[in-house]
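**Student:** Take a look at the letters that make up each chain.
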Amino acid sequence: MQLRLSWCAATLLVATAMQAEDYVSVQVLQYNENDNRVSVTAPSIMINKDFGTDYTLNASFVADAVSGASPTYYDASSGASAYARNKNVNVSDIKYDNITFSEKRIAGGALFTSRFANRDELRVGANGSSEDDFDSGSGSLEYMHWLDSSKNSAITLGGSYQYNEITARCVDRVGCDASSGASEVKTSTAINVQLGVSHNINPQSYVDIAAFYIADDGYLTDSYLNVVRNNDGITADVVGEKRPDTRSAYGGILKYVNAITDRTTLHLSYRYYWDDWSIRSHTVDSDLYYELGSDWTFKLGLRNYRQSAADFYNSSDNFFSNELYASSDYRLSDFSAWTYKSNVDYKVTKEFSMNLSANYYDQTTGLKATYFMTGFRYNF
Amino acid sequence: MLKKYIYSFDAMSTPCEFTLYTESKERADTAAKAVLQETKRLEKKYNYYDESSLLSQLNARTTNLLDRETKEILQRAKQYYKTTNGVFDITVATIKELYKSELTTASLESKKETLLAYVGCEHFTLKRDKIYFDNAHTKIDLGGFVKEYAVDRAVSVLKRHKIKSALVNYGGDIYALGKKPDGGSFVIGIKDPHDPSQHKVQVLLEDQALTTSASYERHYKIEGREYSHIITKEKNALVVNSVSVISKSCVESGIYSTALMIDQTITTHNRVIIF
Amino acid sequence: MKNIIWTFLLGSQLFAYDVGDTISPAMVEHLGLGGEKVYVIDFFASWCGSCQKEVPLIAKANVTLNHNEVEIIGIDVDKKPENAEAFQKALQAEGALNFRVVNDPQNLVIAEFNPVGMPTLYYVKAQKVVKIITGAVDAIDAQIHSDLKKMR
Amino acid sequence: MKTLSYIVLLLFFIGCAKEVKPWEKETLAKSTMEDAGGNALSKQYEEHIYFSKEASKGGGGVAGGGCGCN
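Protein chains in written order, with my numbering: chain A, 1 to 380; chain B, 381 to 655; chain C, 656 to 807; chain D, 808 to 877.
There may be inaccurate statements among the hints.
Ranges between beta-carbon positions, derived for each pair [stated by the list, open to error]:
| hint | chain 1 | residue 1 | chain 2 | residue 2 | range |
| --- | --- | --- | --- | --- | --- |
| 1 | C | K783 | A | G293 | 19 to 29 Å |
| 2 | A | I106 | B | Q455 | 43 to 53 Å |
| 3 | A | I106 | C | H685 | 58 to 68 Å |
| 4 | A | F51 | B | M381 | 32 to 42 Å |
| 5 | B | D430 | A | D232 | 21 to 31 Å |
| 6 | C | Q798 | A | D262 | 30 to 40 Å |
| 7 | C | M806 | A | V24 | 40 to 50 Å |
| 8 | A | N90 | B | S487 | 18 to 28 Å |
| 9 | C | E767 | A | T364 | 55 to 65 Å |
| 10 | A | F372 | B | N465 | 48 to 58 Å |
Listed below are the simulated DMTMM-like cross-link pairs for lysine to aspartate or glutamate, each with C-alpha atoms no more than 20 Å apart in a straight line [what the hints assert, rightly or not]:
| hint | chain 1 | residue 1 | chain 2 | residue 2 |
| --- | --- | --- | --- | --- |
| 11 | B | K560 | A | D262 |
| 12 | B | K462 | B | E502 |
| 13 | A | K368 | D | E861 |
| 14 | A | K186 | B | E406 |
| 15 | C | K708 | A | D54 |
| 16 | A | K350 | C | E737 |
| 17 | B | K539 | B | D447 |
| 18 | D | K837 | A | D50 |
| 19 | A | K350 | A | E291 |
| 20 | B | K383 | A | D135 |
| 21 | D | K828 | A | D148 |
| 22 | B | K384 | A | D133 |
| 23 | C | K805 | C | E691 |
| 24 | C | K734 | A | D262 |
| 25 | D | K837 | A | D135 |
| 26 | C | K804 | C | E724 |
| 27 | C | K735 | A | D262 |
| 28 | D | K828 | A | D262 |
| 29 | D | K825 | C | E691 |
| 30 | B | K384 | A | D75 |
Hints were generated in silico from the structure; no laboratory data involved.
Note that beta-carbon positions come from the ideal geometry of N, C-alpha and C, so glycine has one too.
Input sequences plus hints: build the corresponding full structure.
**Tutor:** Structural data, given as structure tokens:
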């Protein structure tokens, strides 16, 4: 298990008249990395149901099935084996490898929205996800308040608390039961607070501004990952990576949506993120929608992401000596990525629509992935 | 409701891991401790490099007394020496020392010539509880035997602890005990010799052992450096790159997978996967 | 400063019809509100999700009303006449539109009433606004009946 | 401080814009104006992929687990 994943939902902050709709939506994701290294098939379902005009329940569920070449698809793998982590090994015996996207995951969540007389909204959410060696549960609370009677401006304040249980491998014999080698259950928590303002600029456009703060606390290390220390060119130590026990992240996001013409809608967003691991990132995202007739909607999107490395990251094999924190996880490195997105939606009937989306993700680390999403939505 | 418990430790310079499915953590921990103890015992007893180990004493000729376990192991080794046409040979250690001590190639070659005469399982005999070497030079190394034997021993320990479902994996030498709690067999992937981060085939195991020998060397794995193929695809189609053997014991699998890497004419009634 | 911003935000709201206000003669004539009845004016549009749910309920309420005393008038504020037509046709096909509809593609009518949300119901009696219901109401049919009872 | 003044300026600009009337929200109500064109599930997949492959998180709101997704 190399990745720590959970089900993240995106909330809509749009201050438009939110359409009251009952629907069932089904999507299937097919994700493939270059060289067929990893392949994930993930079906998901979402149900949105209004109870009168004051209450809405939204529930979703996803199951990831890893197939093909992914290691965790197997209970074990057999081959010329790797050595155990060790002090003082021959440098020539050290091989570098990639981290794979590996999970067998089920996750689900529910969000209950309650509206008051002034149409302010209180949203209560709960989520859970389970993987082979990672379990997570979270709760969230969010309040949206209309700033004006015409409902063109709204302020939203929300917070969530997440609790994770990680089955960590007994690493370097520190702090675990060496008499049996038992895996240890480690925990971590995450608190996320977000304050956002959303405003309709004119009948064709709106803007969202939000600031967020995320505090992670607990076991944030990946017990599967190794680093090289004390490399003198001939011998070196191969030991487990180690990350700080806390991480404080801050960020802001600005989103602008404009219906340029009757048929064309442009989405632009920019996010700035920084944390006390020295990671800074910029995300620029854009989507262009084009409606052809009343049944077809096409989307083209382009996203650019750029991050700086964590201060305890190093990829070179002679870097780490006695630093407390060390990781060679490429996701903590300095890189940028482009995503090329496309989607087509077809309205079969007034109630029933289908979509197909093809996307390509290209990271400067060498990771390339294609992913397709297809599904339908039925309004009832 | 069976729960999954994972145990990992290092022994014989290999990452050892086993997964137990039991009703309680207490039961799993008790069994795991016994397994760990057993593995560590074997590691110590048959450590070629530890002068105090029984094996070193036999090699140094300071004793020739065998306990029942060691006698059985040596008997089996002798048997496999025959069935593998001499490919599996615990006495190749006889010339191993030379590579460490001799500095000039000339002297190395001449000494090797001499010592080669003392390589082969016919140079020792087992009678009652004693081992008899027919010379002073023959040395025994159980390196290709003990890790697999430790897996088989771990399985017996687990059986003694009434564990019905477990997967023992000592650096890719595997034994699957019973079925998974969901009723399915254990699914094992065999690594692609050209790219060990990928799997080439999957094998279903149930009360069976699987080992793989491959042309690529053992290594220390550092994940996350870069995302690309590290192992280059220089390939000669005639060379066997990977041999896996499925059998009832890990020792049997281990010996045949190693031997078949070298000589594909060896016959075995076990299931073999070669690529 | 604060006052200035609020004036900006609410400025146009000053010219909205509130309870007790008299409807302009031009509007009375345009919508035909001159009679002695109670007029229930419902503003809706094809793109408004809540309206789609509410119109059939209003039609349901209309079935049991005494049409000598009460008239329901729908104002479709769709800017595109084809959308308004399609929407009303679909409603009629389902028997969910049984009252008079005035199309307001230029939004002149709704701009004069100037409601703060959609859908909106205005009760007008003797050319005066008696009650306003803004936003979707779960059981609007029952609400209309009980409101009218009070106004008799 | 500089960022803050930009935000204030932006808010002022927004504040001065003409108010959008309820009956003028046809376009704003379109699904293409929503995040991911109204396809919340596909939005979740994308967030999930980015979360797995990049070191940043946050900004997607807190509801539904908060993307504190460790």
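**Student:** Compare the structure with each hint and give your call.
**Tutor:** Going through the hints against the structure:
1. For C/K783 and A/G293, the hinted distance range of 19 to 29 Å is not satisfied, since their beta carbons lie about 46 Å from each other.
2. At roughly 51 Å, the beta carbons of A/I106 and B/Q455 sit within the given window of 43 to 53 Å.
3. Restraint check, A/I106 to C/H685: a C-beta distance of roughly 60 Å satisfies the suggested window 58 to 68 Å.
4. Between A/F51 and B/M381 the Cβ separation comes to about 36 Å, which falls inside the hinted range of 32 to 42 Å.
5. Take B/D430 and A/D232: their Cβ atoms lie about 27 Å apart, and the range 21 to 31 Å holds.
6. Taking the beta carbon of each, C/Q798 and A/D262 are about 36 Å apart, inside 30 to 40 Å as hinted.
7. Judged by the Cβ atoms, the range 40 to 50 Å given for C/M806 and A/V24 holds: they are separated by roughly 42 Å.
8. The hinted range of 18 to 28 Å is satisfied by A/N90 and B/S487, whose Cβ atoms lie roughly 25 Å apart.
9. The given range of 55 to 65 Å is respected by C/E767 and A/T364, whose C-beta atoms sit roughly 59 Å from each other.
10. At about 53 Å, the CB distance of A/F372 to B/N465 agrees with the hint of 48 to 58 Å.
11. Our distance criterion of 20 Å between C-alpha atoms is broken by B/K560 and A/D262, whose separation comes to about 58 Å.
12. Distance check on the hinted pair: B/K462 and B/E502 sit about 10 Å apart at the alpha-carbon level, within 20 Å; holds.
13. Among the hinted pairs, A/K368 with D/E861 is consistent with the structure: their alpha-carbon atoms are about 13 Å apart, no more than 20 Å.
14. This hinted pair checks out: A/K186 and B/E406 have alpha carbons roughly 18 Å apart, not beyond 20 Å.
15. For the hint pairing C/K708 with A/D54, the CA-to-CA distance comes to about 14 Å; that is within 20 Å, so the pair holds.
16. Restraint check for A/K350 and C/E737: the C-alpha separation of about 16 Å stays at or below 20 Å, so the hint holds.
17. The suggested pairing of B/K539 with B/D447 is violated, with an alpha-carbon distance near 23 Å, which exceeds 20 Å.
18. The hinted pair formed by D/K837 and A/D50 meets the criterion: a straight-line CA distance of about 19 Å does not exceed 20 Å.
19. This hinted pair checks out: A/K350 and A/E291 have alpha carbons roughly 15 Å apart, not beyond 20 Å.
20. For the given pair, B/K383 sits about 14 Å from A/D135 by alpha-carbon distance, which is consistent with the 20 Å threshold.
21. Our distance criterion of 20 Å between C-alpha atoms is met by D/K828 and A/D148, whose separation comes to about 12 Å.
22. Proposed proximity of B/K384 and A/D133 is supported: the alpha carbons are some 10 Å apart, at most 20 Å.
23. For the given pair, C/K805 sits about 16 Å from C/E691 by alpha-carbon distance, which is consistent with the 20 Å threshold.
24. Restraint check for C/K734 and A/D262: satisfied, since their Cα atoms lie roughly 12 Å apart, inside the 20 Å limit.
25. About 38 Å separates the Cα atoms of D/K837 and A/D135, which puts this hinted pair outside 20 Å; it is violated.
26. For the given pair, C/K804 sits about 11 Å from C/E724 by alpha-carbon distance, which is consistent with the 20 Å threshold.
27. Of the supplied pair hints, the one linking C/K735 and A/D262 holds, its CA atoms being roughly 12 Å apart against a limit of 20 Å.
28. For the proposed pair D/K828 and A/D262, the alpha carbon gap of about 18 Å is at most 20 Å, so the pair holds.
29. A threshold of 20 Å between alpha carbons decides the hint, and for D/K825 with C/E691 the separation of about 39 Å lies outside it, so the pair is violated.
30. Of the supplied pair hints, the one linking B/K384 and A/D75 holds, its CA atoms being roughly 12 Å apart against a limit of 20 Å.
Figure legend: structure checked against the earlier numbered hints; hints not met, in rising order: 1, 11, 17, 25 and 29.
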